[in-house]
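J.: Please model the entire structure based on the sequences and the hints provided.
Chains as they are written, first to last, in this note's numbering: chain H, 1 to 499; chain W, 1 to 499.
Because the hints were derived from the structure by calculation, they are not lab data. One or more hints might be untrue.
Heads up, simulated DSS-like pairs for lysine-lysine below, C-alpha to C-alpha not over 27 angstroms straight-line [said to hold, decoys possible]:
#	chain 1	residue 1	chain 2	residue 2
1	H	K66	W	K25
2	W	K324	H	K66
3	W	K390	W	K25
4	H	K61	W	K61
5	W	K108	H	K114
6	W	K359	H	K61
7	W	K353	H	K61
8	W	K251	H	K324
9	W	K353	W	K324
10	H	K324	H	K5
11	H	K66	W	K359
12	H	K353	W	K66
13	W	K108	H	K91
14	H	K353	H	K311
15	W	K91	W	K251
16	H	K359	W	K66
17	W	K324	H	K61
18	W	K262	W	K251
19	H	K251	W	K324
20	H	K5	H	K388
21	W	K66	H	K25
22	H	K353	H	K388
23	H	K108	W	K251
24	W	K66	W	K251
25	H	K324	W	K61
26	H	K196	H	K235
27	W	K25	H	K61
28	H	K66	H	K196
29	H	K390	H	K353
30	H	K426	H	K196
31	H	K66	W	K353
32	W	K261	H	K353
Some but not every residue of chain H turned toward chain W, in silico, with C-beta under 7 angstroms [said to hold, decoys possible]:
#	residue
33	I41
34	V95
35	H99
36	R100
37	P118
38	E131
39	M132
40	P144
Here the structure is a predicted model, which means the values were calculated and not measured. Glycine is no exception: its CB is placed at the ideal position from the N, C-alpha and C atoms.
So you can see what is in the structure, the chains are spelled out below.
Number of protein chains: 2
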Amino acid sequence: MAAPKTAIQPTRNEDYPQWYQEVIKAADLAETSPVRGCMVIKPWGYALWENIQHNLDARFKATGHKNAYFPLFIPLSYLQREADHVEGFAKECAVVTHHRLEPDADGKLQPAGKLEEPLIVRPTSETIIGEMFSRWIESYRDLPLLINQWANVVRWEMRTRMFLRTAEFLWQEGHTAHATEQEAVEETLQMLDIYKDFAENTMAMPVITGAKSEGERFPGAVDTYSIEAMMQDGKALQSGTSHFLGQNFSKAQDISFQNDKKEVEFAWTTSWGVSTRLIGSLIMTHADDDGMVIPPRLAPSHIVIIPITFKADDPDAILNYCHKLAADLGVINYHGRSITVEIDNRDIRGGEKTWGWVKKGIPIRLEVGPRDMASDSVFMARRDKGHKEKQGVDRAEFIQSVTVILDDMQQGLFDRALARREEATKTIDSKEDFYNHFEGEGTGFVYAHFCGDPALEDEIKTDLKVTLRCIPLVGHDEEGTCIFSGKPSKQRVLWAKSY
Amino acid sequence: MAAPKTAIQPTRNEDYPQWYQEVIKAADLAETSPVRGCMVIKPWGYALWENIQHNLDARFKATGHKNAYFPLFIPLSYLQREADHVEGFAKECAVVTHHRLEPDADGKLQPAGKLEEPLIVRPTSETIIGEMFSRWIESYRDLPLLINQWANVVRWEMRTRMFLRTAEFLWQEGHTAHATEQEAVEETLQMLDIYKDFAENTMAMPVITGAKSEGERFPGAVDTYSIEAMMQDGKALQSGTSHFLGQNFSKAQDISFQNDKKEVEFAWTTSWGVSTRLIGSLIMTHADDDGMVIPPRLAPSHIVIIPITFKADDPDAILNYCHKLAADLGVINYHGRSITVEIDNRDIRGGEKTWGWVKKGIPIRLEVGPRDMASDSVFMARRDKGHKEKQGVDRAEFIQSVTVILDDMQQGLFDRALARREEATKTIDSKEDFYNHFEGEGTGFVYAHFCGDPALEDEIKTDLKVTLRCIPLVGHDEEGTCIFSGKPSKQRVLWAKSY
Chain H
1 MAAPKTAIQP TRNEDYPQWY QEVIKAADLA ETSPVRGCMV IKPWGYALWE NIQHNLDARF
61 KATGHKNAYF PLFIPLSYLQ READHVEGFA KECAVVTHHR LEPDADGKLQ PAGKLEEPLI
121 VRPTSETIIG EMFSRWIESY RDLPLLINQW ANVVRWEMRT RMFLRTAEFL WQEGHTAHAT
181 EQEAVEETLQ MLDIYKDFAE NTMAMPVITG AKSEGERFPG AVDTYSIEAM MQDGKALQSG
241 TSHFLGQNFS KAQDISFQND KKEVEFAWTT SWGVSTRLIG SLIMTHADDD GMVIPPRLAP
301 SHIVIIPITF KADDPDAILN YCHKLAADLG VINYHGRSIT VEIDNRDIRG GEKTWGWVKK
361 GIPIRLEVGP RDMASDSVFM ARRDKGHKEK QGVDRAEFIQ SVTVILDDMQ QGLFDRALAR
421 REEATKTIDS KEDFYNHFEG EGTGFVYAHF CGDPALEDEI KTDLKVTLRC IPLVGHDEEG
481 TCIFSGKPSK QRVLWAKSY
Chain W
1 MAAPKTAIQP TRNEDYPQWY QEVIKAADLA ETSPVRGCMV IKPWGYALWE NIQHNLDARF
61 KATGHKNAYF PLFIPLSYLQ READHVEGFA KECAVVTHHR LEPDADGKLQ PAGKLEEPLI
121 VRPTSETIIG EMFSRWIESY RDLPLLINQW ANVVRWEMRT RMFLRTAEFL WQEGHTAHAT
181 EQEAVEETLQ MLDIYKDFAE NTMAMPVITG AKSEGERFPG AVDTYSIEAM MQDGKALQSG
241 TSHFLGQNFS KAQDISFQND KKEVEFAWTT SWGVSTRLIG SLIMTHADDD GMVIPPRLAP
301 SHIVIIPITF KADDPDAILN YCHKLAADLG VINYHGRSIT VEIDNRDIRG GEKTWGWVKK
361 GIPIRLEVGP RDMASDSVFM ARRDKGHKEK QGVDRAEFIQ SVTVILDDMQ QGLFDRALAR
421 REEATKTIDS KEDFYNHFEG EGTGFVYAHF CGDPALEDEI KTDLKVTLRC IPLVGHDEEG
481 TCIFSGKPSK QRVLWAKSY
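T.: Below, the structure written as structure tokens:
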């Protein structure tokens, strides 16, 4: 049997959605579970999430936020307090109605102990956290209140896809309350900036920041901002959101405070979140037809060392050499973490082993055989290069340059993703061109003038499955004429098909 | 109004259960939520949990375990696969029966979209993780499989108490599968040892390790081991458990593998966990009548610096001095973390501020006023000493000795807890003495010979509310005669009233 040309079948070009599923499987990141719409996050995928958590958590703490934990369940009456909010989540939520199981006449266990009030498994925690904020906040001295929660949430989506859209997912949700509108808006934008910086500098994923149109806002928000990334199929993926909630939730939940003039005011609140969806965007930004590609700053392990012992007179000497090398690398700090090294001495075929690590996307693969050891060198392959581009490197030199190599990969991955996005981004100045561009399989990012009419936005969505991704915060701000209505437009906005 | 003698009212002697609630409130660790039996873990309490997590997580990883994440929901049919297991959890579980909300005729939202099969919010994950293990394990080469999960779980307890017993709680659950019985037993005991080491060296809480009697075992386990700590009221608190599950779950869930002789065998499995209950045991081990006392190795912050500026000519100079001191302390490593310092410059009364930190249990409080700054020194108070025992210390000397001071506190807290336990531990050799000891308000640990008869164990529980806490693994192993039945006893076992 001839070896397949690529490790992942089908390739991106052949069948992009299937390729995505196959990468997840080949890299052992996650798999579907017996529970409808819920996935199991496997160790290699969960380690990505842990690294995302550690990195973001440090950024949240450095900006004065503190972690806390609130109940999984939300009483139905709480969800109803903000009208748009309940409307947004009622159609897809898990409802707890009973608190025990009892055998029926046939001995089959049935729900029993009906609750007086149904409980909703949190789809997000504005209402329950708002209730606690209303108890905690009395005076302007209690503000700002800056809280974050790492938690699981449930949204009963009918069509699910691993990492991108699952019934249960893991996320962080920040919730803050402020004395003034300006401070709350600044917080909203600060967190958007943190998400952008994290996406670009840690995930090596370029993003566009902007405001959502009315129809795409979070239920109950005054303004929703997002970071939008382009996947390799030219579709947009919303990868993080930050909401300015105005006084909508504080009025609905009586989050009020006495100002320094002893007058009672409602607080201004925000919320912001990213989820395990980021792992979906990471895959679709960097993975290739040989599997996962992980930017070094998020890699669960940076380097795998494969001892090549089958021709060796003294296999133990090679193994010792590898362990010594791993120990030397392990004391090197790389962006706040030690360099993490795996030694893969499993008793399986060399090709299977090598391809296993390629598919997992480990940044650097080292092979050490008798001749390498004799010349005090290693054979190195970088995951961002072709898999045949191996090179012999002096051991000491490799140790000395490893952080430079990793940073070079990190930057290279960002540059590649940015070039791909720029390549697939257009400015379009007529409705006809716009429709021609997106009709059928057309994708990519398009900047076009728009008057802001929600009815037009709906029409475009129905016609082309294209949505207004965001009103960019930076650039594209020259005034013009809406290409759909001919009315005045304040700036070009970003359009794309999306996940 | 005269100042109260202690910051916490009532004191431990006056009303121990109420004292516990008041400490939690005064230290701002947690509070009850509007959701029955669920608590909100506030930032100071959650930071304790984060430190517990970081410390244990490193220990789990160092012993080869990897983190993963499994679904929140368990299909009812899965829970039923192991008979004892479902029996153990059916009476207190949250049941999801619907997946959306719809308005009824009156416009009131009601559960809708009934699920074909009810889902149980996980009370523990043996069954769902077992299902995945049965898919992942094919050959002896896949073993051992060493997985841990950090997650929330729900047990619908009717009588709840913050941290000790809540409907929802946070925990970790380790789940492992092994090729041999011996290896699984060794894993069970290894994890028990890790819990003991963590309890004693990180939490400064002495514990007894041992096996549970049949009636106290985890539903479905062959053997359950626990760490048992003594609280200040002389009652035992089970603070962590490690279960040898034999082949009960692997047979119920078909977790089988091909051994190196190509024969199919069932795997041997274990599970082990600790939860936010540890924070309850931490409070009841160390807190006093002035509030929380936190062992330095778990403290969210080690030191608070309080600038005393009200009499100062140049308040900014004092504040700068404090910031410089905080920066100097912040670069010192203490057991894997940097020394964490708070500067409390809030505009509130000095007494209120000082007592706030005493009640929160921060290990070291420093005060810096004009005279201290002039003499380049600080006023130091240790939380483990009387709150009037402040002393002036040279600044440089303090910086140099801070880790020694913290370690001295850590050891002191352990020694105090151990002495308290030894003081309240007895060996009893007759049924009459045993009953006299425990009747009414009698507490403490008692070692007594026991034949192992479950009926007798039940009788003792009914008569005295005393349970067999564990059959100790170390010491107490001389043979003798059961003080209740006169039958032979292999060793003395540990009895106590408990939480």
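J.: It remains to establish, for every hint, whether it holds in the given structure.
T.: These are the hints, each one checked on the structure:
no., hint, verdict
1, H:K66 <-> W:K25, "holds (18 angstroms)"
2, W:K324 <-> H:K66, "holds (24 angstroms)"
3, W:K390 <-> W:K25, "holds (26 angstroms)"
4, H:K61 <-> W:K61, "holds (25 angstroms)"
5, W:K108 <-> H:K114, "holds (18 angstroms)"
6, W:K359 <-> H:K61, "holds (24 angstroms)"
7, W:K353 <-> H:K61, "holds (23 angstroms)"
8, W:K251 <-> H:K324, "violated (43 angstroms)"
9, W:K353 <-> W:K324, "holds (21 angstroms)"
10, H:K324 <-> H:K5, "violated (36 angstroms)"
11, H:K66 <-> W:K359, "holds (19 angstroms)"
12, H:K353 <-> W:K66, "holds (20 angstroms)"
13, W:K108 <-> H:K91, "holds (14 angstroms)"
14, H:K353 <-> H:K311, "holds (17 angstroms)"
15, W:K91 <-> W:K251, "holds (24 angstroms)"
16, H:K359 <-> W:K66, "holds (19 angstroms)"
17, W:K324 <-> H:K61, "holds (20 angstroms)"
18, W:K262 <-> W:K251, "holds (19 angstroms)"
19, H:K251 <-> W:K324, "violated (43 angstroms)"
20, H:K5 <-> H:K388, "holds (12 angstroms)"
21, W:K66 <-> H:K25, "holds (18 angstroms)"
22, H:K353 <-> H:K388, "holds (15 angstroms)"
23, H:K108 <-> W:K251, "holds (22 angstroms)"
24, W:K66 <-> W:K251, "holds (24 angstroms)"
25, H:K324 <-> W:K61, "holds (20 angstroms)"
26, H:K196 <-> H:K235, "holds (18 angstroms)"
27, W:K25 <-> H:K61, "holds (24 angstroms)"
28, H:K66 <-> H:K196, "holds (21 angstroms)"
29, H:K390 <-> H:K353, "holds (16 angstroms)"
30, H:K426 <-> H:K196, "holds (22 angstroms)"
31, H:K66 <-> W:K353, "holds (20 angstroms)"
32, W:K261 <-> H:K353, "holds (24 angstroms)"
33, I41, "holds (4 angstroms)"
34, V95, "holds (4 angstroms)"
35, H99, "holds (4 angstroms)"
36, R100, "holds (5 angstroms)"
37, P118, "holds (5 angstroms)"
38, E131, "holds (6 angstroms)"
39, M132, "holds (6 angstroms)"
40, P144, "violated (14 angstroms)"
Hints 8, 10, 19, 40, counting from the list given before, are not met by this structure.
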